[in-house]
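*Asks:* One letter stands for each residue in the lines below.
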Amino acid sequence: MADDRLSILKGAMDVLILKALSWGPMHGYGVSYWIRHVTDDAFDLQEGVLYPALHRLEAKGWITSEWGVSENNRRAKYYELTTLGRKQLRQELSTWTKFADAVTKVVSATNKPAWLLRR
Amino acid sequence: MTRKTPMWRRYLTFWGRNIERDVRDELEFHLDARARELIDQGWDPVAARTEARRRFGATAPIAAACHQIDRHFERERRVTRYLADVVEDMRFAWRQFVRQPRYFALIALTLVVGIAASTTFFAVVDGTLLKPLPYPEPDRLVRLTTWNLRGEYVNFRERTRTMEVAAYYPAPREVTLEIAGRPARLSAAGVTADLFRVLRIEPTLGRTFTFDEMRPNSPGILGGTHWRTSGVVIVSSGVWQEYFGSSPRVIGQTLLIEGVPHTIVGVMPPGFHFPRRDIALWFPHNIDPATLWAGNVATMIGRLREGHTLADARAEVRAVLPTFRELMPFAQYVPYYGRDANVDSLSESIVAGSRRVLLVLLAAIGVVLLVLCVNVANLLLARGIAREREMMTRAALGAGRTRLARQVIVENLTIAFGSGVLGIFLAIASLRIVTRLLPPDLPRVEQVALDARVLLFALGVSLATGLAFGLMPAIRATRAGGRLLARAAGVVTDRRERRMSSVLAALEFSFAVVLAASAVLLLQSLWNLTSIDPGFRTERLVTASVSPPGFAEQEPTSRVLFAQRLLENLRAVPGVESVALATGLPFDAGLFGTVFQIEGRLGPGQRFGTANATYQGVTQDFFVTIGTPVIEGRGFLGSDDFRSTRVALISRRIAREFWGDHSPIGARIRFTDNRQYMIGPDGQLPWFTIVGVVGDVHFATLTDDAAMVYLPLSQKWDVQSLRVVVRTSSEASSLGGTLQGVVSQLDAATPVTDVRAYASRLGETIARPRFAAYLLGTFAVIAVFLAAVGAYGVLSHALSRRVREIGVRLAFGASRRDVFALLFGHGMRVTLCGLLLGVPAAIASTRVLSSLLFGVNPSNPAVFAGVAIVLLLVGFFVSYLPARRARSIDPIAALRYE
Chain V
0 MADDRLSILK GAMDVLILKA LSWGPMHGYG VSYWIRHVTD DAFDLQEGVL YPALHRLEAK
60 GWITSEWGVS ENNRRAKYYE LTTLGRKQLR QELSTWTKFA DAVTKVVSAT NKPAWLLRR
Chain A
0 MTRKTPMWRR YLTFWGRNIE RDVRDELEFH LDARARELID QGWDPVAART EARRRFGATA
60 PIAAACHQID RHFERERRVT RYLADVVEDM RFAWRQFVRQ PRYFALIALT LVVGIAASTT
120 FFAVVDGTLL KPLPYPEPDR LVRLTTWNLR GEYVNFRERT RTMEVAAYYP APREVTLEIA
180 GRPARLSAAG VTADLFRVLR IEPTLGRTFT FDEMRPNSPG ILGGTHWRTS GVVIVSSGVW
240 QEYFGSSPRV IGQTLLIEGV PHTIVGVMPP GFHFPRRDIA LWFPHNIDPA TLWAGNVATM
300 IGRLREGHTL ADARAEVRAV LPTFRELMPF AQYVPYYGRD ANVDSLSESI VAGSRRVLLV
360 LLAAIGVVLL VLCVNVANLL LARGIARERE MMTRAALGAG RTRLARQVIV ENLTIAFGSG
420 VLGIFLAIAS LRIVTRLLPP DLPRVEQVAL DARVLLFALG VSLATGLAFG LMPAIRATRA
480 GGRLLARAAG VVTDRRERRM SSVLAALEFS FAVVLAASAV LLLQSLWNLT SIDPGFRTER
540 LVTASVSPPG FAEQEPTSRV LFAQRLLENL RAVPGVESVA LATGLPFDAG LFGTVFQIEG
600 RLGPGQRFGT ANATYQGVTQ DFFVTIGTPV IEGRGFLGSD DFRSTRVALI SRRIAREFWG
660 DHSPIGARIR FTDNRQYMIG PDGQLPWFTI VGVVGDVHFA TLTDDAAMVY LPLSQKWDVQ
720 SLRVVVRTSS EASSLGGTLQ GVVSQLDAAT PVTDVRAYAS RLGETIARPR FAAYLLGTFA
780 VIAVFLAAVG AYGVLSHALS RRVREIGVRL AFGASRRDVF ALLFGHGMRV TLCGLLLGVP
840 AAIASTRVLS SLLFGVNPSN PAVFAGVAIV LLLVGFFVSY LPARRARSID PIAALRYE
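Chains as they are written, first to last, in numbering that gives the first Met the number 0: chain V, 0 to 118; chain A, 0 to 897.
Okay, chain V solo, but in the shape it has when bound (with noise of 0.2 angstroms):
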């Protein structure tokens, strides 16, 4: 069960990393405070899934990452968006955009299809 929320939720995982990095540099546990308490827990995630999709944005360029001192003086892993991962996260939204327009205009539509209406 939850491999399927996985399966449905990777592609918006991309999309949720960045929109979080856009914010500024973040370790793998701010990006993953922040979508918990943006979405209200709403994805109810395992957490560690995030952390393979981070280095799979990296490897692709779209992050980059260095070591840092965390707010309480530990060694944490920051994360960055580059000019590339920038861009693609304006992409990404507006796909996002209307994809979201589009399946809520289908899962709230009210009126049947019209050839069903001749029958």
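Don't take each hint at face value.
[As the list claims (entries may be wrong)] Computed, partial: chain A to chain V, Cβ under 7 angstroms:
1) Glu25
2) Phe55
3) Cys65
Please keep in mind that the hints were generated in silico from the structure rather than gathered at the bench. Just so you know, even glycine gets a beta-carbon here, dropped at the ideal spot from N, CA and C.
Let chain V serve as the given structure and place chain A on it in line with the hints.
*Replies:* Positioned in the frame of chain V, the structure of chain A alone reads:
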């Protein structure tokens, strides 16, 4: 140009290497932070930790996934970075070239010449020696060394289990034919029906011969009984294109060859020219059961059958061949028949004669390339020293050893490949010239071409030289860091570098000695060859071939008549001082070997009572015309014709060998090899009475044994075509047109071909040694020049490095003489070391040449002494110039230097 360095490059060293640890740390951080968050919400610390783990999910698969992504990423990144660096290095190298164009032009020029020279000669060696024969599975083709009798072929064909056997007529000859109304001469070969199958070559059009066609049913048209054909012919692709416009209707057309109609049954594919590159026609080889054991006219090749080796074939031939004696009509004459039979690889037997020359040349190229590498290495080394500051700075700024070394190597490879590309263009041009200079008798010359293999070689050479000369500077670059410390500590020393470049210069000298000594030996040998007396005077001597169609089949009387009328007409031509006819001429086609017996000496003491000689038929003015003296007895007379007593002349060489101080005049000899058609009406071999002794004439090469027997033209049976030899009254007269006119008056269908001055014919016989000597001479000059340039470079560089030292010496009271001696001594030491190394190497390596030399002792001390003295002078000169400059150094300026 400023480019932002990607972020990952900055932390690459500490992040990239610990993928596992980094992932563990990252995940651990998450779990800790999550647990803390839960604790802040009021969870119990232990429970918080468990809850954090639960919400995170299984760590192991997540970590594994991260590892996989990171490793892949890392690899990709490394490649990208490497390529980026290489491009950067190349860009840097280019900037260096632009900054010092003259210096790099010098290096590039040296390399271009070297690569072009080696590529050109590799193409020659590859085409003639290394490339496999142009037939399928060439490794399985073999050549049989036997007596080349047709009977052997017929029996082998039926009996050999280890191979398929085919045969061909070993001496291709020209035939007269009429194509499109004009007479032409083309080279033809007789081949057995299975030859094409053994070679695995299919005709482009039509078919090959059948075994039935090897039984002649038409009159022998090609001269002599060996050349009867059955009226069919296969033509080459060239003939098909030139005379038939590549028309597919060529099959079945009739060609008039030697006046006899022949039907074209096949066209061979382009490039097929077995057994020689001028062959344009193939006839079925005549295997007449009546003449199976006469004439050595069936050279055999074979193709090993599946599962059999060369050794099997050899064993089989050696076992089978002696049993043929029972079949031979003259077995009593040949007790040792079959003893030295052999089977060899066909490709090896073809190139056996030229292998050594070409390998020596290839070795010479190798040495030139080595000298070249050493020279370039030395130039780069000198520059490397000058660049030390740059390298030290880079090292100080944190460039790693490998990074510095790679930069140097990329630089050198850029030079090498750039030069390689230019060198290939130069090679294309020079190959065109060299193929024209190649000795015409070099087998497989037609296969010399600049193809993919040769290009690969050129690129390989570029790469190898680039690495060879670039390695030393690269190694030095890796030590730049270490030297930085040495300099900082004040330990300034150039000693080691100087020694290194001195050693290199000395090496160049020693290579130059080897090449120069080899070249001198070959040139000396060439000189000996050209100064041999061929036995006749070549000046103003012109020769030509006159080949009436079907001449060999005419009655002897009509042949004699034709010859007499031809001679009379030629004598009347203005500008002809003297003229004669012969069946063959020295250094020309038409001379055949024979075996003769001396009457009364057939006892067991003599080797079969026979001896080998070359024989030919000549007319009475022959010796006067070519300028060979009759030493004893008389020459031929007009009265020596086919009705009179048979007479012969022998060369002095034969007279001395068999009669010693006695006179051979009056002794009788007979010819025993071509007995099938030498036998007279009484069923006996006829005896020829020796009437005179003439001067020795070399017949094939300037080093052969000059054992010659002459018969009157009118008493020789097997005359296939005539050679005209004319002594003209002036050098300039061109007889070609006149000769054809005279001959056409007698017979319009008879072509006159091959009209040439004798001197050029003679020149061709030494084409191979001349080629080798000139080439090696060129190489030697290049090597000596490079050595001189190299040594000079080292010395002047050493001088520029030592200016300060010299200033100090002068300031402390050294005389200018001392300073001169210091540098001059350095140069002479380099030269002497080179000679000490080079002379023994030359003595050792010129031994390889001994088989290529004529009348020259390969370990002649004078040669080595001479070469050593010349190089010593060169060394003296190149040491003197910088030393003289050192002498004029102003000490004050020198101390301020740098």
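*Asks:* So, for every hint listed, does it hold in this structure?
*Replies:* Each hint, compared with the structure:
no., hint, result
1, Glu25, "holds (5 angstroms)"
2, Phe55, "holds (5 angstroms)"
3, Cys65, "holds (5 angstroms)"
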